[in-house]
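Here is what each chain is made of, one letter per residue.
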Amino acid sequence: MAASHNALDLYKLDELFSDEERIIRSAVLDWVKERFMPLIEEHYEAGTFPLELVPELAELGVFGATLPEQYGCAGVSHTAYGLINQALEYGDSGLRSFVSVQSGLVMYPIYAFGSEEQRMKWLPELAAGRRIGCFGLTEPNHGSNPGGMETRAMPVDGGYLLNGAKAWITNGCLSDVAVVWAKVGPDSGDQSADSKTIRGFLVEKGMPGFSTAEYKKKLSLRASVTSELYFKDVFVPEANMLPNVQGLKGPLSCLNQARYGIAWGATGAGMYCLEAALRYAGERSQFGRPIAGFQLQQLKLSQMATELLKGQLLCWRLGKLKEAGTVTPAQISIAKRDNVYQARECARMAREIYGAMGIMLESHVMRHSNNLESVLTYEGTHDVHHLILGEAITGLSAFGG
Amino acid sequence: MKIAVIVKEVPDTEAVISLKDGKPDLSGVKWIVNPYDEYAVEEAVRTAENKPGTSTVAVMVGNANSRTNLIDVLALGIDEAVLIADPALEGSSPLAIAKALAAAVKPLGADVILAGRQGVDYDWGITGIALAQLLDIAHVGIVSKLELGEGSFRAESEGDEGKLVTEGALPAVFTTDKGINEPRYKNLKGIMAAKKKTITEHSLSSLGLSAGDFGVAAAGVELVGAAEPPKRQGGRIIEGDTAEAKVANLVKLLREEAKVL
Ligand SMILES: Cc1cc2nc3c(=O)[nH]c(=O)nc-3n(C[C@H](O)[C@H](O)[C@H](O)COP(=O)(O)OP(=O)(O)OC[C@H]3O[C@@H](n4cnc5c(N)ncnc54)[C@H](O)[C@@H]3O)c2cc1C
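The listed protein sequences derive, respectively, from chains A and B.
Numbering of the first sequence is given in my numbering, commencing with residue 1 and proceeding in unit increments.
Numbering of the second sequence is given in my numbering, commencing with residue 1 and proceeding in unit increments.
The hints are simulated quantities; they were obtained by calculation from the structure and are not laboratory data.
Here a beta-carbon is modelled for each residue, glycine too, at the ideal position from N, C-alpha and C.
Check before you lean on any hint, since a few could be wrong.
Dumping the calculated EDC-like pairs for lysine to aspartate or glutamate here, alpha-carbon to alpha-carbon at most 16 Å [unchecked claim]: (1) A:Lys121 to A:Asp176; (2) B:Lys189 to A:Glu20; (3) B:Lys2 to B:Glu80; (4) B:Lys196 to A:Asp19; (5) B:Lys196 to A:Glu20.
If you want a taste of the chain A side facing chain B, the calculated C-beta under 8 Å gives, among others [stated by the list, open to error]: (6) Ala27; (7) Asp30; (8) Leu60.
Counterexamples of contact, computed for chain A against chain B with all Cβ distances above 10 Å [claimed, not checked]: (9) Arg22; (10) Pro38; (11) Leu39; (12) Glu150; (13) Asp176; (14) Asp194; (15) Lys216; (16) Glu228; (17) Leu242; (18) Gly247; (19) Gly250; (20) Met360; (21) Asn370; (22) Glu391; (23) Leu396; (24) Ala398.
Bound-form chain A, shown alone:
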């Protein structure tokens, strides 16, 4: 089946995509609607991720979809990867997070910074969904400022001894492999000098001293597992260090992959909310007429439709820049920040349009709005992205205050 959201494609954006990209989007969207949607309410309530669907996601080919075929991946364009994220987040931000982490934060660094042995060992397994990965950057005391991380890898015979903790790690407890970022060597007391020693380590499930704990009672992204990771004298062999990157640019370049996917993903959540709100507003009558006919409701629907249109155009352009290899972190940052913010506004407006029904899980819109609270915070908070753009256009960094 080809193009899908035709009725709401007000600017004929579909024409911007190739046949193949449109088919990829509809393949994933069909899967999300038929296979994922029937399960989401149950998992959201239980606070679990539908792991039973991982083999189907792998069969679809969404893990590491942009990476080359020789590693078991599909080798799609960045634009197609964006559309995949859009279709996944149409279902749930937790579903998109699962795939983003596996693809952009685990497979990408192994591909970009790993040795050929590391690639061959992990990428086909991760692509096939037989192994799950996570990305450990954030720490209990260092969120927006990852350069201040305290996790340390001390060189020992044949490898490193890892000590520290990582916080808020998506898929942490589910993972067979964690891409963990740590400073190498003792604390010199100079944070900026130390951050140049940051290296990535592939920490495997079952390594002595490595443990995880799950955050329970989240009110957002409930269908995604978030965990703390603890490292107590974990011996990581030399062969498990990513050889080809050093310093903060390692984790930051992963974040650029994932943020790009999030910018697209957010439009998917927004799309779901707009479609749902339009449907509901057309069906629900008050004062003898459909609420869609009231100006106040039309204002909301019109704002939602407009912002979604703009968000998709940002993404489309970003995809082209990425394919041309010229995209900058600040460009990605703009789309991540604004698309997520607008999607959250969309979801909130949809919730309002639904009235009381909007607070129900079965209406899905408040689930989206709750999820987007996390999406607004992770991968660089909304504020931090303003600082990134601020620095890019003024030349002055405001990060230190």
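Put chain B with the ligand on the given structure of chain A with help from the hints.
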């Protein structure tokens, strides 16, 4: 073994089709592969997976915009496609469509021809049968199970009153019903592979056919008008304190108002 699969495009089953000047207005409608044809495609792909050396080709009568749906079919695992597109085909009868298909299918030398049992647009259910007739080979309809041997077949068709088992020699045309298989989801690797597969395009003249035998004028039937089904009247809830009282009221209404008893 060579398998040809006949596919057509129909308006999306989720599309709301309105009337314009008393005819269905199909402008702006999204076109999809006919759902019954998806079973035919799946059957062909599965057969090819299970019988090494089997090749598959999809044949479609469509238009210049049909490539997307053919890529869809190729993404599911069909090896190559033939698209018959010609403005003169617009408005053709199912028999004329079958003639165009026969001209394209004959040179393929297929042992097995699979098609959906009917299109979900006008529900004629004729094309596959007519194609068999024009090729002068056997046809088995509403197939819910198909076993292929060397030059022979065994097919099961489900009917309201039982199951029909047909055995015969290939080549033959089989029109597929729901239940024959569970069509797979497309996947990204299949879609990427589809890009490299061939779609051969034909016009009526390249198939040696003459345009005068096609289109509305030659159809023999004409769509003179269409009407929306009557709007459903609101239902009525039968009153009564107990189940017995409700039944009594229902019987009374059936007798006195509906006058069906
Ligand atoms: C559900 C979920 C999943 C996550 N998954 C992962 C994961 O898989 N891997 C991973 O490494 N991390 C993950 N994170 C962590 C996430 O990236 C961090 O939460 C985020 O970077 C913000 O850090 P923080 O929560 O410590 O907030 P803080 O950095 O403490 O920020 C608190 C507030 O201060 C503001 N602030 C901070 N610095 C400045 C400044 N310089 N100027 C102005 N305002 C500022 C922020 O905008 C925010 O409003 C996840 C988080 C969540 C919620």
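Violations among the numbered hints: 9
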